[in-house]
Amino acid sequence: MIISIASGKGGTGKTLVATSLAASLDRVQLVDCDVEEPNAYLFFSDREQIEKTECHVPVPVVDEAKCTHCGTCSDICAYHALAALPSQVLIFPELCHGCGGCILACPEKAISEGSRSVGEIFRARFGKTEIIWGELRLGEARTTPLIRAVKGMAKGSLTIVDCPPGTSCSMVEAVLGSDFCLLVTEPTPFGLYDLDIALKVLEKMNIPRGVLVNKSGIGDKKVYQYLEKRGIPLLMEIPMERRIAELYSRGTIFVQEMPEWKARFRDLLENIKELAS
Amino acid sequence: MKQIAVISGKGGTGKTSLVASLAALAVGRAVIADCDVDAPDLHLILRREIKERREFMGIKRAVIDPSKCTLCGSCEDHCRFGAVCGSTVDPLLCEGCGVCKLVCPAEAVSMVDRMSGYAYISQTRFGPMAHADLFPGEEASGKLVAMIREMARETAASSNLELVLIDGSPGIGCPVIASLAGVDLALVVTEPTISGEHDLERILSVTEHFQIKAVVYINKYDLNPDVSRRIEGLCGERSIEVAGKLPFDPVVVEAMVLGEPVVQLGGPAAEGIKELWRALEAYL
Numbered sequence: 001m002i003i004s005i006a007s008g009k010g011g012t013g014k015t016l017v018a019t020s021l022a023a024s025l026d027r028v029q030l031v032d033c034d035v036e037e038p039n040a041y042l043f044f045s046d047r048e049q050i051e052k053t054e055c056h057v058p059v060p061v062v063d064e065a066k067c068t069h070c071g072t073c074s075d076i077c078a079y080h081a082l083a084a085l086p087s088q089v090l091i092f093p094e095l096c097h098g099c100g101g102c103i104l105a106c107p108e109k110a111i112s113e114g115s116r117s118v119g120e121i122f123r124a125r126f127g128k129t130e131i132i133w134g135e136l137r138l139g140e141a142r143t144t145p146l147i148r149a150v151k152g153m154a155k156g157s158l159t160i161v162d163c164p165p166g167t168s169c170s171m172v173e174a175v176l177g178s179d180f181c182l183l184v185t186e187p188t189p190f191g192l193y194d195l196d197i198a199l200k201v202l203e204k205m206n207i208p209r210g211v212l213v214n215k216s217g218i219g220d221k222k223v224y225q226y227l228e229k230r231g232i233p234l235l236m237e238i239p240m241e242r243r244i245a246e247l248y249s250r251g252t253i254f255v256q257e258m259p260e261w262k263a264r265f266r267d268l269l270e271n272i273k274e275l276a277s
Numbered sequence: 001m002k003q004i005a006v007i008s009g010k011g012g013t014g015k016t017s018l019v020a021s022l023a024a025l026a027v028g029r030a031v032i033a034d035c036d037v038d039a040p041d042l043h044l045i046l047r048r049e050i051k052e053r054r055e056f057m058g059i060k061r062a063v064i065d066p067s068k069c070t071l072c073g074s075c076e077d078h079c080r081f082g083a084v085c086g087s088t089v090d091p092l093l094c095e096g097c098g099v100c101k102l103v104c105p106a107e108a109v110s111m112v113d114r115m116s117g118y119a120y121i122s123q124t125r126f127g128p129m130a131h132a133d134l135f136p137g138e139e140a141s142g143k144l145v146a147m148i149r150e151m152a153r154e155t156a157a158s159s160n161l162e163l164v165l166i167d168g169s170p171g172i173g174c175p176v177i178a179s180l181a182g183v184d185l186a187l188v189v190t191e192p193t194i195s196g197e198h199d200l201e202r203i204l205s206v207t208e209h210f211q212i213k214a215v216v217y218i219n220k221y222d223l224n225p226d227v228s229r230r231i232e233g234l235c236g237e238r239s240i241e242v243a244g245k246l247p248f249d250p251v252v253v254e255a256m257v258l259g260e261p262v263v264q265l266g267g268p269a270a271e272g273i274k275e276l277w278r279a280l281e282a283y284l
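Those protein sequence lines, which keep their order, are chains A and B.
Counting from 1, position 190 in the first sequence corresponds to residue 190 in the numbering used here; the numbering is continuous, with no gaps.
Counting from 1, position 146 in the second sequence corresponds to residue 146 in the numbering used here; the numbering is continuous, with no gaps.
In case anyone wonders, no lab produced these hints; they're calculated from the structure.
Even glycine gets a Cβ: it sits at the ideal position worked out from N, Cα and C.
Hints should not be assumed to be uniformly reliable.
Claimed, not checked - Listed below are the simulated EDC-like cross-link pairs for lysine to aspartate or glutamate, each with C-alpha atoms no more than 20 Å apart in a straight line:
{"hint": "1", "chain 1": "A", "residue 1": "K221", "chain 2": "A", "residue 2": "E241"}
{"hint": "2", "chain 1": "B", "residue 1": "K143", "chain 2": "A", "residue 2": "E94"}
{"hint": "3", "chain 1": "B", "residue 1": "K60", "chain 2": "A", "residue 2": "D26"}
{"hint": "4", "chain 1": "A", "residue 1": "K273", "chain 2": "A", "residue 2": "D26"}
{"hint": "5", "chain 1": "A", "residue 1": "K262", "chain 2": "A", "residue 2": "E241"}
{"hint": "6", "chain 1": "A", "residue 1": "K200", "chain 2": "B", "residue 2": "E260"}
{"hint": "7", "chain 1": "A", "residue 1": "K222", "chain 2": "B", "residue 2": "E241"}
{"hint": "8", "chain 1": "A", "residue 1": "K221", "chain 2": "B", "residue 2": "D133"}
{"hint": "9", "chain 1": "A", "residue 1": "K222", "chain 2": "B", "residue 2": "E260"}
{"hint": "10", "chain 1": "B", "residue 1": "K245", "chain 2": "A", "residue 2": "E94"}
{"hint": "11", "chain 1": "B", "residue 1": "K2", "chain 2": "B", "residue 2": "E49"}
{"hint": "12", "chain 1": "B", "residue 1": "K101", "chain 2": "A", "residue 2": "E246"}
{"hint": "13", "chain 1": "A", "residue 1": "K200", "chain 2": "B", "residue 2": "E254"}
{"hint": "14", "chain 1": "A", "residue 1": "K204", "chain 2": "B", "residue 2": "E275"}
{"hint": "15", "chain 1": "A", "residue 1": "K204", "chain 2": "B", "residue 2": "D90"}
{"hint": "16", "chain 1": "A", "residue 1": "K221", "chain 2": "B", "residue 2": "D113"}
Unchecked claim - Only some residues are given here: those of chain B computed to face chain A with a beta carbon under 10 Å:
{"hint": "17", "residue": "G12"}
{"hint": "18", "residue": "D36"}
{"hint": "19", "residue": "I172"}
{"hint": "20", "residue": "E241"}
{"hint": "21", "residue": "V257"}
{"hint": "22", "residue": "G259"}
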């Protein structure tokens, strides 16, 4: 079973929830798909690293000896990743989506496929928890190939996916294939506005969903009215408490210091299982 | 014209609340650009009146004409994104490359333009704002950010305004890079948590990579003074100025609920932001 933890707005507590849920359960895989800013592994300081691999994506390589500079490749490329100049072909690897169109289109068969690394994938163990995360190479723009590769490493019977913030392609790629998506929000106008967009994405993708309100007690009550009106299950609330915020700031999973929360997270899993089936 | 981008690496550090206050302090001098197209919240504080709407065309999508398709499977074999199944294309997976059209022997595939959102110029109580609605789940947010920034620059030039103030998105990828391209200053907002610290280091490496001048702003610095000191240390090592520190102040959330900028409510956070604005003015 794959449970993704997402949100529209950043900083609502996705990683807090994903790490707390993982720490409350036995034998779980925690997969951090926020490859731009992966943080979940920081909360398992005594982890034992077991693997580190590169994530490669295809990129065109032009054989200038065969190239006639006809311009077919740059005409076909939807991403402007090749520019055929009169005397050479310029390649912009960061723009390439690796579709292979230029290779197929080249009438001289002058283009072959090379590869380049867009980031790294790590796998570590902490007790019975396995943690997998990706780290996008600095300066890279496209996140989706790495997110896909990170998710591809998940093979356990229970996987928790910590998603990137937002409501566009990175978030879609991270939640794709989930059996259930838990959206974390905060009871503020910004939290509600972005929750609404995130829920629309999940509706479109037909993924079962529920909401966790973090930092409850701040802001206003509008998010509760919204959920009730739309019949969206509110699965848990975590109050705004200085102690929880301080533990988080130090890199401690708060359920380790406040163990009464572990049972609540186990109940949360049971509720999710019921809603997903 | 100067352009300042407010970014953060980590989400939820307070970018939008800060930009709303800076917009209030810069009233009459700036165009605001809400480039957090995944989660555009700035209008909730600035209150917009839409003046102009433009269609945003994202990437094209493949469409197969089932009456021409012979189900030969060539497109399915060549699609690198797993988007084709029989004679149907999954619009969520299609990246618009056109390889299916290229390999189709029956000319059954066409690439169609697809509207992925709207970009707007609005009037707000603090000045003009360029912003957008990206339809839920769409791609090409970087391209939309570039469009908003172009509209903001046009507006600044035609209205004779000296500043474009950009509210960026979290992360370090495509929309952030598009928000940063060519700006005069990146104001990086962080918070004293181990996540905030880690994410700050990565975003500062990105601003260095693109050779953009960055200054750091520590929000809620008193939440964990030890981590705040570490952040100041790492900025020092990179010769990056810490332009200000803001204490935790419940007024920030109160202001959001009231739909007002923090600086209009007063208190320690408001004073801190005013001080930051004076520093930014000196820079301008």
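Status of each hint after checking the structure:
1. A:K221 with A:E241: At roughly 18 Å apart (the allowed maximum being 20 Å), E241 of chain A and K221 of chain A satisfy the hint.
2. B:K143 with A:E94: holds (14 Å)
3. B:K60 with A:D26: violated (45 Å)
4. A:K273 with A:D26: holds (16 Å)
5. A:K262 with A:E241: holds (17 Å)
6. A:K200 with B:E260: Distance ~27 Å between K200 of chain A and E260 of chain B Cα, so the pair is violated.
7. A:K222 with B:E241: violated (39 Å)
8. A:K221 with B:D133: violated (25 Å)
9. A:K222 with B:E260: holds (17 Å)
10. B:K245 with A:E94: violated (36 Å)
11. B:K2 with B:E49: violated (25 Å)
12. B:K101 with A:E246: violated (55 Å)
13. A:K200 with B:E254: violated (27 Å)
14. A:K204 with B:E275: Since the Cα atoms of K204 of chain A and E275 of chain B sit roughly 45 Å apart, the hinted pair is violated (cutoff 20 Å).
15. A:K204 with B:D90: holds (12 Å)
16. A:K221 with B:D113: violated (41 Å)
17. G12: holds (1 Å)
18. D36: The hint holds - D36 of chain B has a Cβ within 10 Å of chain A, the shortest such distance being about 9 Å.
19. I172: holds (5 Å)
20. E241: For E241 of chain B, the interface hint is violated, since the closest Cβ of chain A sits about 21 Å away, which is over 10 Å.
21. V257: Holds, about 5 Å.
22. G259: With Cβ-Cβ at 7 Å, under 10 Å, it holds.
Hint compliance for this structure: hints 3, 6, 7, 8, 10, 11, 12, 13, 14, 16 and 20 are not met, and every other hint is.
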